[in-house]
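Undergrad: Sequence:
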Amino acid sequence: MKHRSPGDKIVSGFAYVYLLLFVIAAIIPFMTIVSTSLTDERYLRANGFDLFPHELTLEAYRFVLGRGSAILDAYQVTTIVTVAGTLFSMLLTTMMAFALSRKEWKMAGPISFLVYFTMLFNGGLVPWYIVTTKYLHLYDHLLALILPYAINAFNLLIMRSFISTIDNSIFEAAKIDGANEVQLLFRIALPLALPGIATICLFYAISYWNDWWLGLMLVSDRELYPLQLLIRAITSNITYAASSSSNSSIAAAAIPKEGVKMATTVLTIGPIILLYPFLQRYFVKGLTVGGVKG
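Residue numbers for the sequence shown follow UniProt numbering, beginning at 1 and rising by one.
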């Protein structure tokens, strides 16, 4: 067993303390959100927020799931966009990353530079909006929430780095056996780059799930509102939740306002929290490999 010097122990101790404080700082807000969503509104008004629920109630969740049909519609829209968008983005990203990783292709370097260039500069918001709505006709359509985020330059470069780590002799051997480029991609590159695929898949899924900006810019039909945009509307104006209720006689004052805000937040982050543990072992490895090879 390797002997550790006193200095190493001190550094490790500080590292553990720092990580512990970081974990506490990350957990406390989440505990407060869950606690608030389960606490009676009158207690919140009288005593404020707490880490643990008091006067336990599910009224906020009953309102969100039972009366607010718009929440369920937004959940459906966001789920469809996340699943379809992630699959579509992964298909495009892996194919382009494979092409850019091929060292024998002379245009791989210049095109990689153009991809990186888009991370530094863009055409601006107004030209983007004109092209998206006037020429591509992506307005009040489900595709408006998917196509603008089809390929992310950062994710593409990470995926390219993953595929570049695969020994070229494997591809050469497959070519000798008669494999074409499509077979090289789907039978060799993708299985060997599984950690990278899982990492980029998680990035895309989180991006689609958390996005509200495309909905704000390109959607006016409330039936197409993504979940995050609806939560933004509820947070900024709680009376919107009352107007979307199936019982229009409910007064806005009777709604557990703080509880509804926190309940919608819990419902929003829940799927991502459940998804992350299954991809965690790939996630760290994916970031490490993608970060050390350019």
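Hints in this document: simulated from the structure, not taken from any laboratory. For every residue, glycine included, the Cβ atom is placed at its ideal position computed from N, Cα and C. There may be inaccurate statements among the hints.
What the hints assert, rightly or not - Taking CB as the label site, the calculated pair distances span:
{"#": "1", "residue 1": "F121", "residue 2": "L194", "range": "31 to 39 Å"}
{"#": "2", "residue 1": "I206", "residue 2": "W105", "range": "29 to 37 Å"}
{"#": "3", "residue 1": "L194", "residue 2": "W105", "range": "21 to 29 Å"}
{"#": "4", "residue 1": "G13", "residue 2": "A179", "range": "48 to 56 Å"}
{"#": "5", "residue 1": "A173", "residue 2": "W105", "range": "44 to 52 Å"}
{"#": "6", "residue 1": "I24", "residue 2": "G178", "range": "56 to 64 Å"}
{"#": "7", "residue 1": "A99", "residue 2": "L65", "range": "39 to 47 Å"}
{"#": "8", "residue 1": "I24", "residue 2": "A174", "range": "44 to 52 Å"}
{"#": "9", "residue 1": "L72", "residue 2": "Y276", "range": "22 to 30 Å"}
Undergrad: Next step is simple, just say for each hint if it's right about the structure.
TA: These are the hints, each one checked on the structure:
no. : hint                     : verdict
1   : F121 to L194: 31 to 39 Å : 33 Å, holds
2   : I206 to W105: 29 to 37 Å : 31 Å, holds
3   : L194 to W105: 21 to 29 Å : 24 Å, holds
4   : G13 to A179: 48 to 56 Å  : 53 Å, holds
5   : A173 to W105: 44 to 52 Å : 19 Å, violated
6   : I24 to G178: 56 to 64 Å  : 57 Å, holds
7   : A99 to L65: 39 to 47 Å   : 45 Å, holds
8   : I24 to A174: 44 to 52 Å  : 50 Å, holds
9   : L72 to Y276: 22 to 30 Å  : 24 Å, holds
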